[in-house]
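Going line by line, the protein sequences match chains A and B.
Just so we're aligned, residue 1 is where the first sequence starts under this note's numbering, counting upward by one.
Just so we're aligned, residue 1001 is where the second sequence starts under this note's numbering, counting upward by one.
I should point out that these hints are in silico values taken from the structure, not numbers from a laboratory.
Be careful, since some hints might not be right.
Simulated crosslink set (DSS-like; lysine-lysine; CA at most 25 Å straight-line) [said to hold, decoys possible]:
| id | chain 1 | residue 1 | chain 2 | residue 2 |
| --- | --- | --- | --- | --- |
| 1 | B | K1238 | A | K178 |
| 2 | A | K222 | B | K1238 |
| 3 | B | K1201 | A | K178 |
| 4 | A | K70 | A | K58 |
| 5 | A | K58 | A | K222 |
A quick note: this is a predicted structure, and the numbers were derived from the prediction, not measured.
Spelled out from the first residue to the last, the chains are:
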Amino acid sequence: MSITVENLTHIYNKGLAYETIALEDVSFTVPSGEFIAIIGHTGSGKSTLIQHLNGILKPTSGEISIGDIKITDKRVKMVDIRKRVGLVFQYPEYQLFEETVYQDISFGPKNLGLPTEEVDRRIRKSMQLVGLDFEEFAERSPFELSGGQKRRVAIAGVIAMEPEVLILDEPTAGLDPKSHQDILNMVEEVHRETKNTIVLVSHNMNDVAERADRVFIMDSGKLVKSGRPQEVFREREFLSHIGLGVPQTTEVAALLSERGFQVPEILLRADDLISFLAERLPAGGV
Amino acid sequence: MQHEGNPLPKNRKKETERLAQDSIIQIHDLVYTYRHREEEINLPAINGISLDVERGSFTAVIGRNGSGKSTLAKSINALVLPTSGSVIVDGFKTDEEAHLWDVRQRVGMVFQNPDNQLVSAIVEDDVAFGPENLGINPDEIRTRIRIALESVDMYEHRKMAPHLLSGGQKQRIAIAGVLAMHPDIVIFDEPTAMLDPGGRKEVLDIMKQLHEEGITVVLITHFMEETIHCDRIVILDKGRVAIEGSPVEIFARTEEIEALGLRLPFAVEIAAGLRAHGIHVPQDILDTDGLVKYIVSESDTEMKRSKA
Chain A
1 MSITVENLTH IYNKGLAYET IALEDVSFTV PSGEFIAIIG HTGSGKSTLI QHLNGILKPT
61 SGEISIGDIK ITDKRVKMVD IRKRVGLVFQ YPEYQLFEET VYQDISFGPK NLGLPTEEVD
121 RRIRKSMQLV GLDFEEFAER SPFELSGGQK RRVAIAGVIA MEPEVLILDE PTAGLDPKSH
181 QDILNMVEEV HRETKNTIVL VSHNMNDVAE RADRVFIMDS GKLVKSGRPQ EVFREREFLS
241 HIGLGVPQTT EVAALLSERG FQVPEILLRA DDLISFLAER LPAGGV
Chain B
1001 MQHEGNPLPK NRKKETERLA QDSIIQIHDL VYTYRHREEE INLPAINGIS LDVERGSFTA
1061 VIGRNGSGKS TLAKSINALV LPTSGSVIVD GFKTDEEAHL WDVRQRVGMV FQNPDNQLVS
1121 AIVEDDVAFG PENLGINPDE IRTRIRIALE SVDMYEHRKM APHLLSGGQK QRIAIAGVLA
1181 MHPDIVIFDE PTAMLDPGGR KEVLDIMKQL HEEGITVVLI THFMEETIHC DRIVILDKGR
1241 VAIEGSPVEI FARTEEIEAL GLRLPFAVEI AAGLRAHGIH VPQDILDTDG LVKYIVSESD
1301 TEMKRSKA
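One chain only, chain A, in its complex shape (with noise of 0.2 Å):
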């Protein structure tokens, strides 16, 4: 499901003394099931932005649709919101409650109104998405999981809302490098597996740059820029001066270009550094 925002401002404190901005004016169009990321510096306004599209937030100006319904539109009921996005937001984990990891996935569409058996499907279907082993932790405390794998339940809860447009805040923030990277690529999984649309808020710029389709990049309430990987990462100044910084296969490339060592195009992922590098480095060496 597509994604538009037109003219988006919002203005925290309307009228009193602490007034800020902290959208200004921001348009974009995402097309149905691309993965985006956004990027910018703590307060950028990352966070208000994703709140308005699922609805939490109410703009202070400005429209916003999500495939053919206008969710600013008075009209539109919270549910039906929900149901097309679902906002993973930054430490879900703290957010269970339930006893068993089945009842708390099952709390998203119980609220929908679903009957028993498509609740019970969708659980079992999110709990695959997510890599959670039906018969091992449907009946099992949340409480008692890793840190990854709450994070998952978590994830899941939200899937299990079958959300056409699945946002993520920082969902890999405070998970071990093997957590981390088992975390992204489940999303890629429900990604590929549900042609769903992808919004993803990170500050890990190697992580943007491996699995993005394009990359939004936010500064003072602005979207400043937006591009595929490949065009917003050659900015590497501009990143640098709004608090932001490149992936660090970029910035190794920029560092050996800038010593004479020529890498013409912008490489993304680490495998493309090494294949580059191994074609033009003798073997053996010191």
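Using the hints, position chain B against chain A.
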């Protein structure tokens, strides 16, 4: 040391060096168990750790989620007391109540979420909170606030409200609050997990600076890049020390690193990938600067060779 002109026999010398080495933290056979919520059993979070940390050193503690890192950190400043075994900080046992404040004064902690660590509406009040609780006189407190805020480069923000600062700046205020207590040791428990790239760099630079100033730094992190300039890396797994050593030693053990749920720092990963292609990249390359220098010098050599 007193026989400088007259060297000791080799084994005696080694023994003297060992004694001269000053361990500010001594952990001996530490076990910590917690009660399971439903089943009536005790589970170990730490399952027999012995570890000494040298005064003034920079130690990184890494390991997968649930390996015992945070519990270990809390054991060092007596937020968690041993079920068995002991933790001694600068000569004080953490489980002797009479010395609780001797321990706490020596060990400062910085946590993951800066918002949970700031308590006041104005930056300088926040930094004053710790020293005030130690009963230090107001003049001395003012001096400490100034020095602490200067050392994290936030003195000009002293009158601001913490919630108006960036994540990295808030974390620097939290660090200043710890520094104002004049700790000997600062433990950082995933201090950069919630920060953007700019904020992460700010905090990392401050940790390096504190180490250079002689403070003992213990860093718990999931970012492998942050460990490459440490003196020593300790990897925990299932409440035990799995492996430990210098960064070069640790990151040479590629397969073990992966089996422990971790990964290689970026430059090491590239070096390992190049080695798989038959290029003999030296083992001591850990960071991107080292990697870039190596590649440039190799290609220069190759160019000269092909010209000749």
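Hints versus structure:
Only pairs whose Cα atoms come within 25 Å are accepted, and K1238(B) paired with K178(A) is accepted, the gap being roughly 15 Å. Note on K222(A) and K1238(B): the hinted pairing is violated, with a Cα-Cα distance of about 45 Å set against a maximum of 25 Å. Proposed proximity of K1201(B) and K178(A) is supported: the alpha carbons are some 23 Å apart, at most 25 Å. Note on K70(A) and K58(A): the hinted pairing holds, with a Cα-Cα distance of about 12 Å set against a maximum of 25 Å.
At most 25 Å may separate the alpha-carbon atoms for a hinted pair to count; K58(A) and K222(A) meet this at roughly 17 Å.
Checked against the numbered hints above, the structure violates only hint 2.
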